[in-house]
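Sequence order for the protein chains is S and G. Read in order, the letters of the first sequence are residues 1 to 381 in UniProt numbering. Read in order, the letters of the second sequence are residues 1 to 355 in UniProt numbering.
Calculated directly from the structure, the hints in this document are not laboratory data. Cβ atoms here follow ideal geometry from the backbone N, Cα and C, with glycine treated the same way. You may find that some hints are simply not true.
[Claimed, not checked] Some chain S residues flagged as far from chain G (calculated, every beta-carbon gap over 12 Å):
| no. | residue |
| --- | --- |
| 1 | Met1 |
| 2 | Phe22 |
| 3 | Glu25 |
| 4 | Ala121 |
| 5 | Asn222 |
| 6 | Leu234 |
| 7 | Leu294 |
| 8 | Val378 |
[Claimed, not checked] Taking beta-carbon pairs under 10 Å as the criterion, some of the chain G residues facing chain S (in silico):
| no. | residue |
| --- | --- |
| 9 | Ile232 |
| 10 | His294 |
| 11 | Trp313 |
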Amino acid sequence: MKLPAVHFTQRQHEFRFEVRQFLKEKCAEGKFHTKCDSWLSGSNPDFSKLVGEKGWIGLTWPKKYGGAERSSLDRYILTEEFLAAGAPVAAHWIADRQTGPLLLRFGTEEQRQFFLPKIAAGTCYFAIGLSEPNSGSDLASVTTKAEKVEGGWIVNGAKTWTSNAHDAHYMITLVRTDPFDGVKKHNGLSQLIIDLHAEGVTISPINYMTGQPHFNDVYFENVFVPDEMVVGELGNGWKQGLAELAFERSGPERILSTLPLLVELIEELKKQNNVIALEEAAKLVAQLWSLRNLSIGVARVLEEGGEVAIPAALVKSIGTKFEQSIPEITRLLVDTYPRLEAKQKLDRLMAESLLHSPGFTIRGGTSEILYGIVAKGVVAG
Amino acid sequence: MSEMKEMILEVVEKMFKKTVDKETVDLAENGHWAESVWQILKDNEILNVAVSESAGGAGGDIDDLLSLYQLVGKYAVPIPFTETTLSNYILESYQLAISNDSITYCLPQTSLVMNDDQTISGTLINVPWARHVKEILAFAHSSEGVFPVRLSLKEATIHPNTNLAGESRDTVTFNQSKSLQVQSTPLSDDQLQDLNTIDTAAKNALMCGAIEKAFLLSVQFAKEREQFGRPIHRFQLVQQHLALLAGEQAIASSSLENMIAALLEGREQNEVAYTRIRLDEASRIVSTSAHQVHAAIGVTHEHSLHQYTRRLWSWREEGLTANHWKKVVANTLLTTPFDDLWSYLTDSEKIFTTN
Ligand SMILES: Cc1cc2nc3c(=O)[nH]c(=O)nc-3n(C[C@H](O)[C@H](O)[C@H](O)COP(=O)(O)OP(=O)(O)OC[C@H]3O[C@@H](n4cnc5c(N)ncnc54)[C@H](O)[C@@H]3O)c2cc1C
Numbered sequence: 001m002k003l004p005a006v007h008f009t010q011r012q013h014e015f016r017f018e019v020r021q022f023l024k025e026k027c028a029e030g031k032f033h034t035k036c037d038s039w040l041s042g043s044n045p046d047f048s049k050l051v052g053e054k055g056w057i058g059l060t061w062p063k064k065y066g067g068a069e070r071s072s073l074d075r076y077i078l079t080e081e082f083l084a085a086g087a088p089v090a091a092h093w094i095a096d097r098q099t100g101p102l103l104l105r106f107g108t109e110e111q112r113q114f115f116l117p118k119i120a121a122g123t124c125y126f127a128i129g130l131s132e133p134n135s136g137s138d139l140a141s142v143t144t145k146a147e148k149v150e151g152g153w154i155v156n157g158a159k160t161w162t163s164n165a166h167d168a169h170y171m172i173t174l175v176r177t178d179p180f181d182g183v184k185k186h187n188g189l190s191q192l193i194i195d196l197h198a199e200g201v202t203i204s205p206i207n208y209m210t211g212q213p214h215f216n217d218v219y220f221e222n223v224f225v226p227d228e229m230v231v232g233e234l235g236n237g238w239k240q241g242l243a244e245l246a247f248e249r250s251g252p253e254r255i256l257s258t259l260p261l262l263v264e265l266i267e268e269l270k271k272q273n274n275v276i277a278l279e280e281a282a283k284l285v286a287q288l289w290s291l292r293n294l295s296i297g298v299a300r301v302l303e304e305g306g307e308v309a310i311p312a313a314l315v316k317s318i319g320t321k322f323e324q325s326i327p328e329i330t331r332l333l334v335d336t337y338p339r340l341e342a343k344q345k346l347d348r349l350m351a352e353s354l355l356h357s358p359g360f361t362i363r364g365g366t367s368e369i370l371y372g373i374v375a376k377g378v379v380a381g
Numbered sequence: 001m002s003e004m005k006e007m008i009l010e011v012v013e014k015m016f017k018k019t020v021d022k023e024t025v026d027l028a029e030n031g032h033w034a035e036s037v038w039q040i041l042k043d044n045e046i047l048n049v050a051v052s053e054s055a056g057g058a059g060g061d062i063d064d065l066l067s068l069y070q071l072v073g074k075y076a077v078p079i080p081f082t083e084t085t086l087s088n089y090i091l092e093s094y095q096l097a098i099s100n101d102s103i104t105y106c107l108p109q110t111s112l113v114m115n116d117d118q119t120i121s122g123t124l125i126n127v128p129w130a131r132h133v134k135e136i137l138a139f140a141h142s143s144e145g146v147f148p149v150r151l152s153l154k155e156a157t158i159h160p161n162t163n164l165a166g167e168s169r170d171t172v173t174f175n176q177s178k179s180l181q182v183q184s185t186p187l188s189d190d191q192l193q194d195l196n197t198i199d200t201a202a203k204n205a206l207m208c209g210a211i212e213k214a215f216l217l218s219v220q221f222a223k224e225r226e227q228f229g230r231p232i233h234r235f236q237l238v239q240q241h242l243a244l245l246a247g248e249q250a251i252a253s254s255s256l257e258n259m260i261a262a263l264l265e266g267r268e269q270n271e272v273a274y275t276r277i278r279l280d281e282a283s284r285i286v287s288t289s290a291h292q293v294h295a296a297i298g299v300t301h302e303h304s305l306h307q308y309t310r311r312l313w314s315w316r317e318e319g320l321t322a323n324h325w326k327k328v329v330a331n332t333l334l335t336t337p338f339d340d341l342w343s344y345l346t347d348s349e350k351i352f353t354t355n
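Sequences are here, hints too, so could you generate the full structure?
The structure is reproduced here in structure tokens:
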């Protein structure tokens, strides 16, 4: 496995500083506070609109759909800066990362024209409807079903763990459009865009262990979905979903969820002039650097249309473990008392990191499932 | 070892099973007082364990007490049981009167001072359960040293605060408050050391209990949850988590047993420190693997796992932490004369056998 080295142009550096400057200003204006895990648990529609106004959602998409036709490395830089600043980008995150590219690749012209400009404006949000109560890792066993009727489909079933469904307008939903034949469970699955405000859709919040709402149960009772809302080919939902995964698994959000804590740790140790602890922290810095190399390398190969399923699974499995290790190593180097309402920034970031860290190695495919993918891949050569 | 121990533990575990469920803990985390739990322990004189009968207690020893704390950790029991019983145990060791009601304690903080007129002033932070209990065993500084004092919390201004597990860790301010009782002499170095030791020993027992529960919940879940047409405990990577959890549970529990044995025989040198340091490591491994086995359901508020993992994340930072005890061990290694590490480690056993 060999990935290209990281190289940014002068223009890309300038773009990075432009984004950083913008985020500094917004933070100073009190538009947001730096938080760990902000890309999934920091939903703030007002902030998403601000980002949309800057033209920073759908950065790589064609201009006619509201995009900026810029490179995916530009988008990578943008994403890194949002994560490093701990900015609340969760509301538009899924639409920007997944729905846009999915519709550009498999969607109809009408779907693109209808959804993409709104997503790019930061006013239209999507949720991911994959998991069900009995289908987590074994995703292909989903049972939510769509039955053909005149002009569309009638959907019945339930999705669970749907992050931010309470703020989202639509959900890309994996459903069974052909009955399960008992043998090839990956067949007969399709992706439908379901309007979360449609009749028959019930969203009930599931509180996270902090007691705060985070994800949701989404129930479908005879929900009508028009034919125009089928994404790509009927029965091709599994393959279309796999195509998204390389983007989903290799991005900087699999490395940087707890970066604000690491940044704060280094500042604290500098203040203490604690050289021995800084030497320990240097290991985290080297780890961060090496994971970024891997992740950016994957981004470059993706841009050229190359095959990256295995390195993408590696970025996620190693990266999320790194994210989890930051609070655990921090507490060995400085005295902390983690508390969500703490006055000390370090204690607050520590609390956020600890409480959210179990999810890092679960969401988007558990580490165990990823190890299986990697091992199968390297054995197959 | 107390003969009554097994029986007491069995009875108390039954009480916890009966009165402490997930909702009781939820309510307590939201600031409610779990009267039914408190009452059943009070009615059965469990609150007076390890205080001698002559001092108004129910008898028993530190072994009983620490074993009970392990149960408190295992059920996330949301009342100041540890605080009340340990305060009384310490008070008796200072030959001060024990409290007949609920009492908490707080390790010495320099901000608390004894004024010339013997009144007490200053602010204590992270005091467990202050808003719910009647009295506190605190330690006040004066030019002569540090004095154990028993105070009524009626005299204090209390600002509620919580740790990461929603347990009350309040800010308590005294302003020229009269104490109920003061030890006439300042704490000796030995007393101070004993205080640190017993507080950490109690935390160790609590953590050990929470570790056991996280392990048990994971085993149970791995048997019940099916994916790909089989229970997940059939997958080798899940087996690896279960084996890691089993290992940490076994290490924690045998560390605790040996720590208690050392305390009972008065040969405690490093056992409390070793246990504390080792449990710090265990808290990380156990919370990681337990959550990984449970996957999404385990991070929901509805599931009880987080009541144990959040307690582990909280308790490991409270009192004297592993970071402190590492320094103590390092200092002992530096200053105690011994041939080499191996003889040092095995010599303390020799002291014991000749005793
Ligand atoms: C914070 C968070 C946000 C989420 N957001 C969304 C969302 O927006 N949309 C959505 O659809 N889903 C979402 N999920 C759900 C997530 O995708 C699932 O939790 C994940 O796929 C695992 O499924 P499960 O929780 O049912 O665990 P299970 O599949 O039941 O797994 C339990 C344990 O068994 C292991 N295991 C299972 N099968 C195997 C195997 N074959 N080999 C080895 N080990 C195995 C797992 O690794 C895990 O350790 C979210 C989850 C979290 C934690």
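Do the hints match the structure? See the list:
Against the 12 Å criterion, methionine 1 (chain S) stays outside the reach of chain G, whose nearest CB is about 22 Å from its own CB. In this structure phenylalanine 22 (chain S) is separated from chain G by more than 12 Å, as the shortest Cβ-Cβ distance comes to about 32 Å. The claim that glutamate 25 (chain S) is not at the interface with chain G holds, since no C-beta of that chain comes within 12 Å of its own (minimum 32 Å). Distance check for alanine 121 (chain S) against chain G: the nearest CB is about 32 Å away, which clears 12 Å, and the non-interface claim stands.
The beta carbon of asparagine 222 (chain S) sits about 27 Å from the closest Cβ of chain G, which is more than 12 Å, so the claim that it is off the interface holds. Look at leucine 234 (chain S): its CB is around 26 Å from the nearest CB on chain G, clear of 12 Å, so calling it non-interface holds up. Taking the minimum C-beta to C-beta distance to chain G, about 22 Å, the non-interface status of leucine 294 (chain S) holds against the 12 Å cut. Look at valine 378 (chain S): its CB is around 16 Å from the nearest CB on chain G, clear of 12 Å, so calling it non-interface holds up.
Taken as an interface hint, isoleucine 232 (chain G) checks out: its beta carbon lies about 8 Å from the nearest beta carbon of chain S, inside 10 Å. Of the supplied interface hints, the one on histidine 294 (chain G) holds, with its beta-carbon coming within about 8 Å of a beta-carbon of chain S, less than 10 Å. The beta carbon of tryptophan 313 (chain G) is positioned within 10 Å of a beta carbon in chain S (closest approach about 5 Å), and the interface hint is therefore held.
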